[in-house]
Structures are given as C-alpha cells and as structure tokens.
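Engineer: Read in my numbering, the first sequence has 627 at position 624, and its numbers run on one by one without any break.
Hints may contain errors.
Derived lysine-lysine pairs resembling BS3-like cross-links, with alpha carbons at most 25 Å apart [as the list claims (entries may be wrong)]:
(1) Lys588 - Lys207
(2) Lys416 - Lys353
(3) Lys207 - Lys594
(4) Lys594 - Lys571
(5) Lys353 - Lys207
(6) Lys149 - Lys75
(7) Lys579 - Lys564
(8) Lys426 - Lys416
(9) Lys594 - Lys201
(10) Lys75 - Lys98
(11) Lys577 - Lys564
(12) Lys201 - Lys579
Derived by calculation from the structure, the hints in this document are not laboratory data.
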Amino acid sequence: MRAAEEGNNERNIVTELETLRHSAAHILATALLEIWPEVQLAAGPPVENGFYYDVSLPHRISPEDFPTIEGKMREIVRAGQPFVCVPAGREEAEKLALRGRLGALSERPVPSEFKLDILRGIPEDEPITLYQNGEFLDLCAGPHVKSTASVGAVRLTHVASAYYRGDERNPQLQRVYGTAFATERELEEHLARLEEAKRRDHRKLGRELELFYFDEAVGAGLPLWLPRGAVIRQELQAFLGELLAGQGYETVFTPHIGELGLYRTSGHFPFYRESQYPPIPEPAAWERLVQEGCGCGDYANRVESGAVGGYLLKPMNCPMHIRIFASRPRSYRELPVRLAEFGTVYRWEKSGELGGMTRLRGFTQDDAHIFCSEDQVEAEVGGCLELVRAVLATLDLRDCRIRLGLRGPESEKYIGEPELWEKAEAALASAIRLAGLDFTQEAGEAAFYGPKIDFLVRDCLGREWQLGTVQLDYNLPIRFGLTFVGSDNCEHRPVMIHRAPFGSLERFLAILTEHFGGDFPVWLAPEQVRILPISDLQLEYAREVAAALRHRRLRVTVDEKSETLNAKIRIAEKQKIPYMAIVGKNEQSSKNLSVRSRRRGNLGVMTLTAFVDRVAEEVARRSL
RNA sequence: GCCGCUUUAGCUCAGAGGUAGAGCAACGCUUUCGUAAAGCGUGGGUCAAGGGUUCGAAUCCCUUAAGCGGCUCCA
C-alpha cells in the first residue's frame, strides 16, 4: 500500500481508530507549530500502525526532540480542544493559505505553500473543509474525534524523510511518525507487539542462526548463504521440484551473462536499463578502448549504437528460456512447453533500497516460462495459481494479499500494442476469478512486457513484499518471433507465462524466517536433532544414536561439550533445534532416548526406532 | 540515488580530548552433571576506511564505505 494516497491528499478515513489517529496528526502539527511557528505542513494522514505528518522545517527533527514535542502534545490533549469543522469557500481558503494561516496557529509572513498546492489540486466539484482545534487551522477533509481529549494515548515513533507528493522531483520533507490509541494500555500493548516483531527480524535471526551473511569485501546486496541457510534453500528447492515434476515442468540451466543483443531484442536494454549493471565489454574491445583513451561517455555511446559489443549480467531469465524454446521448430503437440530454472539474476538497486535478504543486487528466482497456445492460457495460469497456493499453504503463509498489476498511464514504460495488453489483462482477471481468489487491481504495477498477478506478504515491520508472481506476456514472443506449427500446418504465435511461486529464494527465506520466528518446521530445520549426552560416559552411545539417525537422512549433531544438561538444553533451545535427544545412564542401558521437543517440551522416553519413525514421518509430510 | 541516524572484540553494548572496557561466545583446566546458564583461567581490537584539527583523537571536522529508518524504484 502506498503510504500517501493522492487525490485530495487525505486517505479515505473509515475506522474509528483511523479517525483518532488522524486527529493525533493534527495534535502533532499543533505541537510542532508551538515549538517552530515557521514550520510548513504538507499532509498528515493515518497509516497502517499510526499516523504521520510531513513537514518542512530548517531544524532537523530528531528523536531527541520527541520528549519536547510529546510534552506539548499531551498539553493539547489535556486542554480538550474541540475539533470544529469550518466550511469554507475555495477563494476564502486560498486567501487564508496565502496569508500563511492554513496549517498554522496564526497568520504568517510566508504563504502555506503546500496547503495552497493541495488546495489547488482538489477537484472543482469537491467541497473544501477546514478543521480547527485551538488556534490550529488546517485544510482537511476530516472527520475528526470530538476533541483532542479523545486521543487517550499518543507516542512519536520515528522520523524519516519523504518527497512531497511522493515524487522525487519534489522537495524533501521530514516525516514525523507516531502512533495513537484511545487508551494508554492499548498503546503499551502495541509497542510490546512491535518489540516482539523486531525479535523475529530475519536480519537478526539470519545472523544468530547462521543462515546467511553479508561481507563488505563481497559487496552490498550480495548475500553469502551459510551452510545452515543453504540447507533450508535446498529443502525449498527440492519441495518445489516435486511440485513442478507433477505439473509437467522441465528443468534447464542457463548462464549468468549473455550478449547485449539478446537484451536489445527482449527490450531489457533499454526498457529495464536503470535496474541493470552496465554492459561488460569483450576483452579485445576493452583493450582497444583503453589504447584509444576512450572515455566512459564515449564507451556508453558506442555500446548504445552497437559499435562495441558486450555482455549483460542477466537481470531476468526469460530471454535465455525463450532462446531454448526457439532452438528448434515446435509443434502444437508439445505445447505447453514449461521450462524451469532456479535462475540467479543481478539487478542494480540503488544503495538506499537494499535491505537484508528482501532487497538485493543478486538473487535467485524460482523461475519458469510456459510457452503455450492462446487457448491454453486459462488452464496454464490456473495451474500457476494452484502452484502458488500449494506453496503458501505448505509453508503456512496464509496472511497474503493478491494484486493484479495493470499498465500505468505512462505508455513509454511498456512494450507492445494496447490491444494485446487489454487481452492479457482480461485473461489474468478472469483466471483469478476462476480460481475464486480475492484480489485488488492496481494500475502501474505491471511488468514492462505484460500484466501480472502478485502475492504480497508483510515482514516483521509491516512492510509489504512481493513473493509469488504470475505474469502473462504476449509481447516477448513477438519480439523474438516465436512460432509453433499448428494442426492446420500453419505457423502460430505462442503466448508466454512468466511465473515464480517463491519469487526469489532470498526474499522467501526472509519472510519464512520472520513468519516462523526462526522456529522452522522440522523438514526445513538446518539441524533437526541434537543428541545431548548427560556425561562423557554416554558419548559413545550418543554417537551411535547420531549415526542411526543420520542413516535415516536426518540432520543431527552430538553436543560433546563438557557442560551440564541444562546448559546444553539452553544452547539447543536458543539455536531453535526442533528435537533434543537426551541420553544418560538409563537410556544407554535400555537403548532408549529421552526426547525433548522445542515446541512441546519433555516428550518422555522412547525407543530409538519410535523416535526416528516419528521425526522421519514429520519430515516426509512436511508438517508444520 | 535523496533525507536523517548509526558503525568500538565473533555477538550485544559501555567508554563525551590524555595509553581501549564489560557480558556472552571462543580456547584451556577443573567438574561428569537428568529437561533453559557449573567454577576458575587465557587469548582476542589499525575503535569501519582515508584525510584533517590538536602537544595528544575511539571522542572534534571532512570524505568514502557499509548498515538502519523512510522516500523513490522493484523478487
């Protein structure tokens, strides 16, 4: 969801809590004005977990200012200022803005520039309303609570920056975030939930559980999968591999770089240009350029014109899969052709956009491209949706939203004819309806070659990320001149479906880690069982048990440290090992195990066979 | 990329111009323990990197890098 919905600048306020938080934003604005009367206000809507107000102010607001601001806010709450709606004519409102009176406590020497701009952006047929509490008068669609006293508990959370109206060409504002509730208790509960959520952060757990690692020597946004993370990845890949085999996919492998010309044909160069690493020249060409003293600008021009050849680090796998399809004549009898690959791609993300495993410069998609005839599209898209559903259900990711991404208004961002786009957009919409799924349509969310269905989930901080995606593409088959021979012995144009149920393995791991808080189901757990000998006398038996478990392909280690049992349990618990098998004198003589589950505690004594069968079965069923 | 903040031992963090600290982890010794922390000891740092100010810089200033919170953009 966009933080700031444009239009008349305020989001549609529906719930009581949103109303309260919107009022809290006005209280924040009032407090800011009392401290810095020159502050220029832009917009202050409620958002997912609170509210914010965008302001322009020479003083850089920092968390150190929060106590002062919050103090003022509490005074305003205590004062119980009523929120009064003041209907106003357009001209009157504009006069107030010009006199600096909108978004202010009094008239000021400088006009309320943002309020003026917002005012002028409101459609003619919409009424203009102002709201006042105390001396603070603001352009606002409302509604508000009765009085400032209704805002029982308010807290500022952080300050960040944002472009005015979300456009990077506009001035940058300071965005002060806060949250508000009717009561102090609800606020405390909310803050506690936030703390808890931070404990699940995949960046923190990724380090603690040794799943992945970022090394400055390697580069920003380029993750190193550590052995434990690699186990999870391999399990995920194996799981998906089974599903794909069942749906008639074939596996392919393709290189990480390809001729620039390939990407000219696909349109990645230039339509995807800003997301790509610059071209890699051939060594001979590079030498010549160096000898000629060719500058970067010159090089860029020569690459652009095709005078100098080169390679591109692949930003997507589709062009290579397309070339595989085109590698020989295709008959309608073999359609659909479904080519799958865990394909690693590289994209130039701006430095400030990188973050943990959710946003990277190199990542691996569980990619596949389906080449089919027009009348197979519906069934194939349906199959893809079913695949995503199966993946999400197995991994318990139920809390997800489905978005149909359509073209936006800027036509230069998309390739192909509008009629084909309409056809593709309609086909996807009907496929989702057929699958009986709820979805929203959003313009401007399409890929450059076609519309798509995205599955979105939230991370521990409430940020929404795209995981699975299904994209319909009538355009690349045209650009590559793909054909198949139909039953009529004529050439026909195939349709392409791009799809990735995980999206990327890295982002999926991030979301999965946060979803389970690091407590992965047994089938995914890097270490499934840890044997805890009570004393060194049981070491040998412990190793025997481990060998037996390993024989059944379970991932097991023995804690051979000279520690107390309690300490060993504590360590295993912190490392979130699903099963601990305790072996002491008694277990050794009876050839049993005392089993402790991370989730359910002490499970009591059982035979080795009973334990192995139990865990192996859980793994085989991929139970949660 | 833009705005703001941050960077001290493997991890979490003290240290506010005068010779670098703690807890946990690691390692060693003692202990051989019954369902979430046994005891003692040892090693470990170009204080992110580079430059500057100063008699003297982890500390003040500048540049760069990485990370964090957002914005923009996207798996």
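Engineer: Take the hints in turn and mark each one as holding or not.
Structural biologist: Now for the hints, and whether the structure bears them out:
Simply put, Lys588 and Lys207 have alpha-carbon atoms about 38 Å apart, too far for the 25 Å limit, and the pair is violated. Taking the CA atoms of Lys416 and Lys353, the gap is near 19 Å; set against the 25 Å cutoff, the hint holds. Under the criterion of a C-alpha separation no larger than 25 Å, the hint pairing Lys207 with Lys594 is inconsistent with the structure, at around 39 Å. Between Lys594 and Lys571 the alpha-carbon distance is near 21 Å, which keeps this suggested pair within the 25 Å criterion.
Note on Lys353 and Lys207: the hinted pairing holds, with a Cα-Cα distance of about 23 Å set against a maximum of 25 Å. A hinted pair counts as satisfied when its Cα atoms are at most 25 Å apart, and Lys149 with Lys75 qualifies at roughly 19 Å. With a C-alpha separation of about 18 Å, the suggested pair Lys579 and Lys564 falls inside the 25 Å cut-off, and the hint holds. For a cut-off of 25 Å, the pair hint linking Lys426 to Lys416 stands: about 18 Å separates their Cα positions.
The hinted pair formed by Lys594 and Lys201 fails the criterion: a straight-line CA distance of about 43 Å is larger than 25 Å. Between Lys75 and Lys98 the alpha-carbon distance is near 29 Å, which puts this suggested pair outside the 25 Å criterion. Among the hinted pairs, Lys577 with Lys564 is consistent with the structure: their alpha-carbon atoms are about 16 Å apart, no more than 25 Å. Between Lys201 and Lys579 the CA atoms are separated by roughly 17 Å; this keeps the pair inside 25 Å, and the hint holds.
Checked against the numbered hints above, the structure violates hints 1, 3, 9 and 10; every other hint is satisfied.
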